[in-house]
Structure formats: structure tokens, C-alpha cells
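Asker: So the sequence lines, in the order shown, correspond to chains A and B.
Numbering that gives the first Met the number 0 numbers the first residue of the first sequence as 0 and each following residue consecutively.
Numbering that gives the first Met the number 0 numbers the first residue of the second sequence as 0 and each following residue consecutively.
Just so you know, these hints were derived from the structure itself, not from any lab.
Given the structure is predicted, the values throughout are model-derived calculations rather than measurements.
Please note that a few of the clues may not be correct.
Claimed, not checked - Short derived list, chain B residues pointing at chain A, Cβ under 7 Å:
1. 2
2. 5
3. 8
4. 14
5. 16
6. 21
7. 27
8. 29
9. 30
10. 31
Glycine is no exception: its CB is placed at the ideal position from the N, C-alpha and C atoms.
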Amino acid sequence: MSIQYRAVQWNRHKRIYDLLLVAGVVLFIAVFMIVGLTRWQGTAAAHPVTLLMRATSSCAITMLSIILMIGPAARLSPRFSPLLYNRRHFGVTMFLVALIHGAVAVFWYHGFGIVNPIVSVFTSNARYDSLSGFPFQPLGVLALAILFVMAATSHDFWLKNLTPTVWKTLHMLVYVAYALIVMHVTLGFLQDDVSWVYGALLGGTAVVIITLHLVTGVREWRRDSRDEGQAFGEGWIDVGSVDDIELNHAKVVVLRGCERIAVYRHADGISAISNVCAHQNGPLGEGRIVDGCVTCPWHGYQYLVHNGQSPPPYTEKIPTYDVRVEGRRILVNPEANPPGTEVTPASIPSETSGDRA
Amino acid sequence: MIRAHRRRHLVVWLVLGPLILIGLALGLWARLAPPVESFTPPSVPSAEDAP
Ligand code: HEM
Ligand code: FES
Numbered sequence: 000m001s002i003q004y005r006a007v008q009w010n011r012h013k014r015i016y017d018l019l020l021v022a023g024v025v026l027f028i029a030v031f032m033i034v035g036l037t038r039w040q041g042t043a044a045a046h047p048v049t050l051l052m053r054a055t056s057s058c059a060i061t062m063l064s065i066i067l068m069i070g071p072a073a074r075l076s077p078r079f080s081p082l083l084y085n086r087r088h089f090g091v092t093m094f095l096v097a098l099i100h101g102a103v104a105v106f107w108y109h110g111f112g113i114v115n116p117i118v119s120v121f122t123s124n125a126r127y128d129s130l131s132g133f134p135f136q137p138l139g140v141l142a143l144a145i146l147f148v149m150a151a152t153s154h155d156f157w158l159k160n161l162t163p164t165v166w167k168t169l170h171m172l173v174y175v176a177y178a179l180i181v182m183h184v185t186l187g188f189l190q191d192d193v194s195w196v197y198g199a200l201l202g203g204t205a206v207v208i209i210t211l212h213l214v215t216g217v218r219e220w221r222r223d224s225r226d227e228g229q230a231f232g233e234g235w236i237d238v239g240s241v242d243d244i245e246l247n248h249a250k251v252v253v254l255r256g257c258e259r260i261a262v263y264r265h266a267d268g269i270s271a272i273s274n275v276c277a278h279q280n281g282p283l284g285e286g287r288i289v290d291g292c293v294t295c296p297w298h299g300y301q302y303l304v305h306n307g308q309s310p311p312p313y314t315e316k317i318p319t320y321d322v323r324v325e326g327r328r329i330l331v332n333p334e335a336n337p338p339g340t341e342v343t344p345a346s347i348p349s350e351t352s353g354d355r356a
Numbered sequence: 000m001i002r003a004h005r006r007r008h009l010v011v012w013l014v015l016g017p018l019i020l021i022g023l024a025l026g027l028w029a030r031l032a033p034p035v036e037s038f039t040p041p042s043v044p045s046a047e048d049a050p
């Protein structure tokens with residue numbers, strides 16, 4: 000959470016994540032280079048610069064594929080949520096690795112002529128009407144340009160100034176970048192006399208990524224078109240029993256036409272807040288109460304459960320909902336209160352009085 | 000995530016998913032298919048043809 004901007008708000012968790020990330024990248028490229036240099040010798044030998052280009056490109060596309068799987072995987076199982084925590088560093092690192100590949104390619108293939116290397120990438124091959132001879136390199140340049148914009152705007156400064164909605168929409172361009180990269184490889188590398196294993200790997204990964212996104216997308220869309228509450232008199236909705244909710248955890252309630260609501264059970268009773276985190280719209284109802292605060296499962300932003308405000312000195316605020324408990328049923332007023340509105344938690348009657356009710 | 004964003008995600012993948020698969024299939028087909036203009040060397044008069 001931020002009251003002022005710092006390049007990176009480090010903590011132990013992020014350091015370990017980044018250390019593993021960098022170690023993984025270095026290991027990947029080193030193993031690729033060593034295997035490449037020792038396996039292909041004589042006439043099959045590849046120049047070390049070509050090998051570096053291939054090592055970095057393979058590393059980058061592997062990282063991008065993982066990045067694209069993390070989101071839907073975390074929706075399918077919370078086991079993958081820890082990977083979301085520092086996904087931005089993953090993304091920026093991937094961009095830097097892809098940049099090495101792109102820069103080496105530009106200078107290695109286009110740097111020795113009289114034409115400006117960047118112009119040469121776009122003009123040296125104009126066979127836009129051919130599939131097998133298609134100028135695949137401009138596709139890589141476009142993808143790299145998108146990845147650059149995303150890496151450059153990855154900081155919370157841009158997130159806040161563009162608003163999370165615009166920022167998230169902008170960052171959906173990563174899907175377009177992925178499509179461009181798939182075509183960059185299909186129309187470039189795969190058209191050479193290379194093993195079918197590469198085609199199978201690329202195609203197989205693409206099928207997995209697309210299926211994951213479609214399965215989770217359809218699931219969420221079907222859930223959004225349901226109504227999980229039952230009207231209970233004027234202005235109140237019965238959203239379930241207090242006994243359905245574990246202490247310090249929440250139930251996410253979907254009411255038709257409204258944003259999702261996180262109904263928390265905590266030491267003082269029941270409180271209802273928006274399910275949408277002020278940071279990147281993470282699902283607050285899938286988090287839990289840590290140190291007295293609702294803690295977002297994505298990047299750990301915290302909110303006081305009774306007023307939706309981040310504890311001082313932080314300033315984030317989310318909407319709250321009026322809530323009552325009748326017997327052991329939880330009733331929520333689906334009209335959201337303005338962000339940060341104090342709502343007294345509804346107290347839970349003891350089990351015995353609940354049984355009588 | 001907000002409702003509108005979830006819907007946008009689904010629409011984007013409903014469009015991009017098939018596009019990516021069609022692109023991949025076309026690319027692999029181009030690799031498989033024999034080249035359209037097969038190369039025939041021009042007949043060069045040889046020494047034997049000479050009168
Ligand atoms: C300035 C932008 C880029 C240029 C000029 C470029 C150029 C190239 C070239 C010339 C090749 C063929 C190399 C060979 O025959 O071995 C290639 C292959 C490849 N590129 Fe790119 N590329 C760019 C961006 C990207 C980006 C952003 C990615 C994303 C990961 C990427 C991923 C790949 C992959 C996976 C291959 C196949 C393996 C290989 O041969 O390296 N490229 N690229
Ligand atoms: S979305 Fe980032 S902390 Fe909630």
C-alpha cells in the first residue's frame with residue numbers, strides 16, 4: 000500500500016521471489032547455451048550469438064506462458080495465488096529477457112548494412128503475401144513494443160493515475176502481445192527446417208493457455224449471471240447462514256447486477272464490504288483477517304472490516320454494506336455505502352438462542 | 000475483479016483464442032505444404048548441344 004511512491008516496496012517475500020526469478024532466468028539461459036554449444040558441433044554448430052538469441056527468446060516465451068497461466072490457475076485453485084503476489088516483477092523480468100533477444104536479433108541481422116537497423120527490420124522482407132516467407136520479425140517488434148509499454152507502466156504510480164480499471168484494460172494488451180509472439184515464432188522459426196517438437200510445444204502451450212482462460216471466463220460469467228441471495232423484506236437480501244462462514248474468513252456473495260460482496264465473520268460479528276480491492280481489484284473475500292484487518296490475497300493490501308478503510312497511514316477506501324443478523328441468517332442491504340463508511344458489525348447471537356430462533 | 004472486467008476478459012479470449020489457433024494451423028500448414036512455385040532450372044545450352 001502506498002502513501003508515497005517508491006521504486007519498489009521491498010519485503011522479505013518479494014526478495015525471495017525475485018531471487019528465485021533471477022536465478023531461474025540465469026540457469027535457463029546458461030543451461031541452454033552450454034547444451035547448445037556442446038551438442039551442436041561441426042556443420043550443425045550455431046554461432047554463440049545465435050544461441051544467445053535462442054536462449055533468451057525461449058526463456059522469454061516460457062516466462063510469458065507461465066505469466067498467462069497464473070491468473071486463471073489462481074481462479075481455479077487458491078494454491079496458485081502466491082504466484083500472483085509478485086507477478087509484475089515476473090513480467091518486467093520477462094520483458095528484459097525478450098529485449099535482449101530483440102536487440103541481439105536487430106543488431107545481428109540488421110546492424111551491418113547501410114539501412115537503419117530498425118527500418119531494415121520492417122523493409123528487408125516485404126513478402127506480406129506469403130505465409131512461409133512472411134516477415135515475422137516486425138511481429139516480434141510489435142510484441143516487444145507492447146511489452147515495453149506494460150513494463151513502463153507497471154508501477155503503482157501509473158496504476159493510481161490511470162485508475163485500476165484503465166490500467167487493467169491497458170494491461171490486457173499482453174494477450175495481443177502473446178498472439179503476436181505465437182505468430183512471430185510460427186511464421187519465423189517454425190518455417191525453418193526445425194523439429195516438430197517445437198511446433199507441438201508452442202501449439203500445446205497455446206491450447207492450454209486459451210482453454211484455461213476460456214474455462215475460467217465462462218465459469219465466472221455464469222456465476223455473475225446467477226443471484227445467490229433471497230429477498231428478505233424491504234431492501235434486505237438473505238445471503239446465507241453465519242454457520243457457513245469460518246471465523247476470520249468470508250463468503251463471496253454474487254447479487255445480480257451488483258459488484259460482488261465479501262461477507263466476513265470476525266471476532267465482533269459479521270461485516271460486509273466490497274469484494275473489489277482498491278489496488279488491482281483483487282477478490283477481498285478470498286483473503287482472510289490478519290492482525291485484525293481484511294488482507295487481500297493478491298498483494299496484501301489491508302482494510303478495517305467495519306469501515307473499509309486501510310489502517311493509517313494508508314488511505315485506500317472501499318465501499319461497505321449495511322448488515323444484520325436475524326436468527327443465524329445474514330441479511331445484507333445491496334446498496335453500497337460510500338467507500339470508507341463506518342458500519343457497526345452485526346453481532347451473532349449465541350448458538351443456543353440461535354437454535355431457538 | 001469488477002464485473003465489467005471479467006466480461007471483457009472473456010470476450011477478448013473468445014476472439015483471440017480462435018485467432019491464435021487459426022494462425023498456428025495456417026503456419027504449420029504452410030510448413031507442410033510443398034512450395035507453390037517449384038523451381039525448374041532454365042535450360043542452359045550445353046557443350047554437346049553446340050553445333
Ligand atoms: C525487436 C523484436 C524482435 C526481433 C527483431 C526478433 C527477431 C527474431 C529472429 C530473427 C528470430 C529467428 C532466429 C533464428 O532463426 O534462430 C526470432 C525467433 C524467435 N523469437 Fe524473436 N524477435 C523479436 C522479438 C521477440 C519477442 C518479444 C519474443 C517474445 C518472447 C520473441 C520470441 C522468439 C522466439 C521464441 C523465437 C524462436 C527461437 C529462436 O530462434 O530464437 N521474439 N526472433
Ligand atoms: S489487488 Fe493488489 S492487493 Fe488487492
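Asker: Against chain A, with CB atoms and a cut of 7 Å, does the hint on residue 30 of chain B hold up?
Answerer: holds (6 Å)
Asker: Hey, does the residue 14 of chain B contact hint survive, CB to chain A under 7 Å?
Answerer: violated (10 Å)
Asker: Close enough to count: is the Cβ of residue 5 of chain B nearer than 7 Å to one in chain A?
Answerer: holds (5 Å)
Asker: Would you check whether residue 21 of chain B satisfies its interface hint, that is, whether its CB is within less than 7 Å of any CB in chain A?
Answerer: It is violated, given that the least Cβ distance between residue 21 of chain B and chain A is near 10 Å, above 7 Å.
Asker: For the hint on residue 29 of chain B, does the least C-beta distance to chain A fall short of 7 Å?
Answerer: holds (4 Å)
Asker: Let me know if the C-beta of residue 31 of chain B comes in closer than 7 Å to any C-beta of chain A, holds or violated.
Answerer: violated (10 Å)
Asker: Interface hint check: residue 16 of chain B, Cβ to nearest Cβ on chain A, cutoff 7 Å. Holds or violated?
Answerer: Holds: closest Cβ of chain A sits about 4 Å from residue 16 of chain B, inside 7 Å.
Asker: Have a go at the residue 27 of chain B hint: is there a Cβ in chain A nearer than 7 Å to its own Cβ?
Answerer: With Cβ-Cβ at 6 Å, under 7 Å, it holds.
Asker: With 7 Å as the cut and Cβ atoms as the points, is residue 2 of chain B at the interface with chain A?
Answerer: holds (6 Å)
Asker: At a threshold of 7 Å, is the proposed contact between residue 8 of chain B and chain A supported by beta-carbon distances?
Answerer: holds (6 Å)
Against the hints set out earlier in the document, violations occur for numbers 4, 6 and 10.
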